[in-house]
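Note that the protein sequences, when read in sequence, are chains A and B. First residue of the first sequence: 23, per the working numbering; consecutive thereafter. First residue of the second sequence: 35, per the working numbering; consecutive thereafter.
You can take every hint at face value.
To give an idea of the chain B side of the interface with chain A (calculated C-beta under 10 Å), a few residues:
no.	residue
1	189
2	190
3	194
4	199
5	201
6	202
7	204
8	206
9	207
10	208
11	210
12	265
13	327
Just so you know, the hints here were simulated from the structure itself, not pulled from any lab data. Virtual Cβ for every residue (Gly too), placed ideally from N, Cα, C.
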Amino acid sequence: MNAAVPPSLAAEAVSVTFDGLRAISGVSLTLEKGEILGLIGPNGAGKTTLVNCLSGFQLPTEGRVRLGGQDTVRWDAAAFRKAGVARTFQGGRLFRDMSVLDNVEVTGVALGLSRRAAQRKASELLDWMGIAQFAHQLAGTLPYTDERRVGIARALLMKPDFLLLDEPAAGMSDHECEQLTALIRIIRLEQGCGILLIEHNMAVVLGLCDRVHVLDGGRTLAQGRAAEVRNDRAVIDAYLGAEG
Amino acid sequence: MTEMTIRVVLVVGLYVFIGNSGILSFGHVSFMSIGAYAFVWISCCTLPALKPLYLPGLPIVLQETALPSPAGIAAAAALAGGSALVIGSILMRLSGTAASIATFSLLAGQYALFRNWTGVTGGTSSLANVPVFMNSAIGTLLAIGAVLIAWLHHQSRYGLMLRAARDEQTASKASGVNVWLVRTIAFGLSGLIMGVGGAMQAGFLGIVTVDAFYLDVTFLTLAMLIVGGSGSLSGAVVGVIALTAVTEMLRRFEVGIHLGDALLALPRGFQEVGLGIVMILVMIFRPAGIMNGRELTVGHFRLKR
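Using the sequences and the hints given, assemble the complete structure.
Written out as structure tokens, the structure reads:
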């Protein structure tokens, strides 16, 4: 919110333990406004758990999450959203029995707008994303890829500072991936938010991300500029190698 | 007809919470009960001497007053709504099935309390001579009022957020919704409407008994909501009309109809059996209720989902 010092969203030495099982251990990561950071790693590496920590859905067992220097220990998910950290989910998780417009509008009223104002903002956003034709359709009836776009719209309303996207391209065709890549690029350009992108599709990751953070078995395996990480021996062995 | 308006108020009261939150509540008849007794405490009785005699546990101030019915209705709404708000704020820390079971224990607990709190409620004995204010006009007016309040809540930001939490609780939190708060508000508001329903019942029969506010009316009103379709306000109203029509018809058949000299009569108890059959048929062919989640549309005026 403070224009002089752009806030950052940071995990500091975060560990999460489920009944003795370590999902992530000692992971540190900083997301700056305006950048796109890729979060990759094999299945079970702890990517979603880390995103859950960064959005208030999971309390770190050790370590902490800071937003613009503020400690977030007592924040729940709604508090993170109000502070400008929005996220999407794998598989959409739309409000199925509500219209697409209402789906997006919920964020607006939850953040304090009147219904009328929230509805106007939601309509504008749907227009901007080119999905206004679905506005009055029930969300549960949308095809898979449009569901993802509505999920992104829902997160994007009220201009969050940070956007955490959990596998937005999963199950998409190459053509749809290109559209998604273009959309994310425009979001960064016009909204200026910092985007954390969990994604398996390396074409999408390398095409979009400034930096990449690689998790494996709950630990940070590598991090750095996308091109460097791509050529990192350990990363290729653990992850990229498997894809040829 | 007058009885139906009471049921409309009750089922609409249920809809405000159950329909919008998606959490089944077995406990709302408690607030109907609280409303009925609140009405008695404030507006009973036509003979002032009755209250000190039957309800010696009541505060002296209440023993000596018998305010007109509107004050009784207002007291019913306030006490039922207030207690629903307090109880809801505790219960709504739970979700899903756990919350439903907790509402059932609320019903059982409130019933046991009122049954044994003899000095204040008269215990198991019925309180008679309650002022009768209900007629079909007043009933209709109150029913319209209940529908209007439910509609306004449905359209409000709190209704919208509540339905988001119903469809996807996790995602609603990610949208910034305070799930506990929106559920508690709806619980309190629906408790308030149930309380008015209780006062209407008391002011219709002129008699109040704890047993009238327990399992029978709980399941009848829930059946009406589910048959009509808990997904929409129209469903709540249609469910009342449909099930009232069916029970009324079956009751007439039970009494018997004359065909020439022959008297055709269904065996006693068929009313309940028939009601069960209707429910099963609706569940098979329209699992989301008669209205299937849609609202009635009248010309261009449309109750928006």
